[in-house]
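Peer 1: Modelling step: build the complete structure from the supplied sequences, incorporating the hints.
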Amino acid sequence: MSNGNIYMPNLMRIEKITEEAPFVKTFRLKFEDEKVAEEFSFRTGQFGEYSVFGEGESTFCIASSPTRKGYIECTFRQAGKVTSSLARLDEGDVIGFRGPYGNIFPIDEWKGKNLLFIAGGIALPPMRSVIWNCLDTRENYKDITILYGAKTVNDLVYKNELEEWKNRPDVNLVVTVDPGGETPDWKGEIGFVPTVLEKMKPSPDNTIAIVCGPPIMIKFTFPVLEKAGFKDDMIYTTLENRMKCGLGKCGRCNVGELFVCKDGPVFTKAQLNSLPDEY
Amino acid sequence: MAMEIERKIYKNSSPDAIVERLLKAGKKVTAPVRSGKTVDFREIKSPSEIEYKTLTTIQSAKKVAFPKVDRVVEFEVLKNSVNTLEIDFEAYPEQVLFGARPCDAAGFVPLHAIFNWDYADQFFLKRYEKTAIISFACSTADEYCFCTSVGGNPGNTEGSDIQITRTGNDQFLVEIITPKGKAVSALFDDLLVPETEKTEKEKFLSDVPGAFDFDKVYNKLSSIFENPVWEEQASRCLGCGACAFVCPACACFDFQDEKSLKKGSRLKLWDSCGFSGFTIHTSGHNPRESQGDRWRQRVMHKFSYMPHRLQVRGCTGCGRCSRACPVDMNIKEHISQIESL
Amino acid sequence: MHEFEPKIVAFVCNWCTYAGADLTGTSRIKYSSNVKIIRFPCTGRIDFMLLMKAFANGADGIIVSGCHPNDCHYTSGNFHARRRWIVFNRLIDFMGIDNRRICFSWVSAAEGAKWADVVNNTVEKIRELGPYEDYKKLASSFSEISQEVHE
Amino acid sequence: MSNLIKTAEELLQNKKVNLVIGYEKGTGSKTRPVFIRKTEEASKLVFDPEMSQNLAVYLLRPEVKKAGKTAFVATVPALRSMLQLASECQIKDRDLIAIYVKDDQNTLLFEDFKSVETFLETASTGFKPEEQELLSKLLAMSTQERFSFWTTEFEKCIKCYACRAACPMCYCHRCTTECNQPQWIAPASHPLGVLEWHLMRAMHLTGRCVNCGECATACPVGIPLNLLTYSMMESMEAEFGTKPGMKADTKYALSVYKPEDKESFIL
Chain A
1 MSNGNIYMPN LMRIEKITEE APFVKTFRLK FEDEKVAEEF SFRTGQFGEY
51 SVFGEGESTF CIASSPTRKG YIECTFRQAG KVTSSLARLD EGDVIGFRGP
101 YGNIFPIDEW KGKNLLFIAG GIALPPMRSV IWNCLDTREN YKDITILYGA
151 KTVNDLVYKN ELEEWKNRPD VNLVVTVDPG GETPDWKGEI GFVPTVLEKM
201 KPSPDNTIAI VCGPPIMIKF TFPVLEKAGF KDDMIYTTLE NRMKCGLGKC
251 GRCNVGELFV CKDGPVFTKA QLNSLPDEY
Chain B
1 MAMEIERKIY KNSSPDAIVE RLLKAGKKVT APVRSGKTVD FREIKSPSEI
51 EYKTLTTIQS AKKVAFPKVD RVVEFEVLKN SVNTLEIDFE AYPEQVLFGA
101 RPCDAAGFVP LHAIFNWDYA DQFFLKRYEK TAIISFACST ADEYCFCTSV
151 GGNPGNTEGS DIQITRTGND QFLVEIITPK GKAVSALFDD LLVPETEKTE
201 KEKFLSDVPG AFDFDKVYNK LSSIFENPVW EEQASRCLGC GACAFVCPAC
251 ACFDFQDEKS LKKGSRLKLW DSCGFSGFTI HTSGHNPRES QGDRWRQRVM
301 HKFSYMPHRL QVRGCTGCGR CSRACPVDMN IKEHISQIES L
Chain C
1 MHEFEPKIVA FVCNWCTYAG ADLTGTSRIK YSSNVKIIRF PCTGRIDFML
51 LMKAFANGAD GIIVSGCHPN DCHYTSGNFH ARRRWIVFNR LIDFMGIDNR
101 RICFSWVSAA EGAKWADVVN NTVEKIRELG PYEDYKKLAS SFSEISQEVH
151 E
Chain D
1 MSNLIKTAEE LLQNKKVNLV IGYEKGTGSK TRPVFIRKTE EASKLVFDPE
51 MSQNLAVYLL RPEVKKAGKT AFVATVPALR SMLQLASECQ IKDRDLIAIY
101 VKDDQNTLLF EDFKSVETFL ETASTGFKPE EQELLSKLLA MSTQERFSFW
151 TTEFEKCIKC YACRAACPMC YCHRCTTECN QPQWIAPASH PLGVLEWHLM
201 RAMHLTGRCV NCGECATACP VGIPLNLLTY SMMESMEAEF GTKPGMKADT
251 KYALSVYKPE DKESFIL
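Protein chains in written order, with this note's numbering: chain A, 1 to 279; chain B, 1 to 341; chain C, 1 to 151; chain D, 1 to 267.
I should point out that these hints are in silico values taken from the structure, not numbers from a laboratory. It is possible that part of the hints are untrue.
[Claimed, not checked] Here are the simulated lysine to any residue pairs, SDA-like style, with alpha carbons at most 20 Å apart:
#1 D:LYS156 with B:GLU43
#2 D:LYS258 with C:ARG45
#3 A:LYS81 with B:LYS263
#4 C:LYS137 with B:GLY264
#5 B:LYS262 with C:LYS53
#6 B:LYS259 with D:GLN183
#7 B:LYS79 with B:GLU289
#8 B:LYS37 with D:LYS156
#9 C:LYS136 with D:ARG174
#10 B:LYS11 with B:LYS201
#11 D:LYS44 with B:GLU289
#12 A:LYS219 with B:GLU289
Keep in mind the model is a prediction, meaning the values are calculated, not measured.
Peer 2: Written out as structure tokens, the structure reads:
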């Protein structure tokens, strides 16, 4: 952070752009300044502020795993002013990046446990970081199950990585699309994530559940986990509140007295229960 | 900051001579200035511009360190790269905030706590370091004031570097409180004489009746999040930003970029939790949907979250937000009602 | 040669004035080149804020021109525009913005000569009035404000 | 005074309305809006000609619409605001009861727009004396002097948007200044951003503003904003023959036209 200006972004060049789904893109970014590249490190679950100079800043989690050195990736849907201008950029263009901010998925505490990842729609990116982090240190964990759902087949992000996970013997991948979103040759599940989860009858013993998705999906997924016996401190999620500074100053992302950018974005369900319903 | 307060006497009918010295020393002096019907803090070039008579200005004095528009990133967009220019924090001027009230000066304490929490916001901190605050103790008060209910009082020296109290037609008590105050007072030390017999400062201060007990409110707030009192109190609130923008302790800000052709800057602007768009998600989901939710956030942040997390009070009892509110949302009245829930 | 070359921005409607300007060109009528022409489907589409953006970005004068009443390709675009300009012209004058720098006119597709006159007269008038310093200072004064705020 | 309270109590008592919006005593000599839902609370209602908030600003609020039939204490500008909201299809006839308190403290009840229209023909609205004086002083100035007057006033503006919040006509779900694709009005309160905001607000209100003066009263730094939105009124009446808030069916002056509209500046 140059001369103490905590809002000064570092410059990053876009190495690769992948079209994940309609209006959803993934950027692979490299720091322009070598020194910054060396000093930079982050933990899975952290996020950053990505700026298009002249348009503004957007908040996305770092979607790549810390085990993959030399670059970071972010995935975003084109929705507002900054994301639309990001979507217009090409490979080789330069954007700004501030971070890493926020707390982490405590993957060290999860050693020796089963992991159940549940993601919906555009919420797979924050999960992808922690999934790859665990898969790259696969020996630390018992069995890993991934349940991922999206509206339609075309909306599924990271299609090639889903294939990779499907072909791995040590991962149990279940992909579903909302009813009516399937294509004729769709072989995966059909149904909303909570209903498919109920069918899977997940067992809670020695298992950590990580849930990410739109508020509506979380609202119906938590009861399923509760019914299956998951305790509140074994369920993790990451909140996506509106943010501008990302470091606890601009005063807008708080839920109760916790700032999602400083005390989150990763929370356990136990923490969420103690917070007022303000997210 | 723990320094023995030096008490001196200044024999004169008005402090203009002191201001003269400050201006002559090249300090940028900001003081209450009248313009038409309103009095607000402005930079002055001569002591005659200062308005001494009004109790408080419309807006607080936070703009000397937290301006309403501030440039935090300057950039130039090149062909396929970007030039980001460094902001020179040393360029901020030596300045003096003259004629603030104790509740204005006390406002800088919560501001400092937020802007210094983990990450140091140099835009505020560097300006604040270079600002000497000379406050005037209050000899009057009105029905909006409630500094005594939030740990302050009309002669509160918290946040002030020097405090001046009028103790007679031709006499002032000058208290030099901090090292920064000591340094600035050197400019006019020859005008001051040591205090021979102890001045009863309280005799010259106004009486501000207590409205509520801060700790009782603090404890009550942790259990009434879902209480309908918030919607009732905020039913008349119009959702503008006046209360947050005039408040000495409100630090929320927004980032907006501006660019013309190649050059541009990222601006840090005042923002308010009263606005509906403050927390709205791109998807349209808004965690704070109703005006009652937003009013609750304003009160909880100042009277519960900040005291708990930063050990500072988010309100100095100046009553500006109540005076500036188009529909008379009187915070003293609302908090007293909450205390008696 | 006058050293001050006014920058004029012309907001014109596509069906009449833009075609009229073409006719001016094809009939080899000379008119000053200080004008940057922006084409709109209709004068009804010309938003008053666009004019203010032109001033903010350094225009010294503005021409707004479109079809004569009853000639509008969309039948009522210019009627609405006329009411808007009546109000806007008086409002900016009340706010102190120099509305002598905005020239409104109807130029049909056949009035190539009139278009040249409108442009030449406006350029002359703006040359007399000089650059629009007030608005330029206001638009760029943020850097002074921020200096003042910085210092 | 009791007449107003009696009227409100009757309306609430026999369920003619579920909510009465009026004024109650505020801090010091101020009065402020109050929402009365229970009959016994009606005694809070006060009426003093000084009070200014235009209660029509609450009529489009979701919680007011949810309350069903509503009555509100209306000053003459508030009645005109109601008709103007009606002419913009924001409120339906017979949804509201307007309570007007005459000088002799007796109340008049208006249950439909027609009765309000006939009443307003005789009621007069205009600028307060000191506003009229400032307006004539401004009109006497040169354009240059007016520019420096307004830029000095606008320098005080902190963009708290109290002017927009207090105005019953500013009910847009998303104001132009919050549209950011493109960012039409600079959100910063530097001189350009402030002038563009007030110019755009005045232009969007001209022909709709009924001069309740609330934007100027609500402005914490005291900028005489209602001069901007209402100064055009006399000229527009003369030119377009329409006065906002007098009839429930008048069309917005800038969305209709007459082929024979006159003007003197289009070449």
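Peer 1: Honestly, which of those hints from before does the structure not fit?
Peer 2: Violated hints: 7, 9, 11; rest satisfied.
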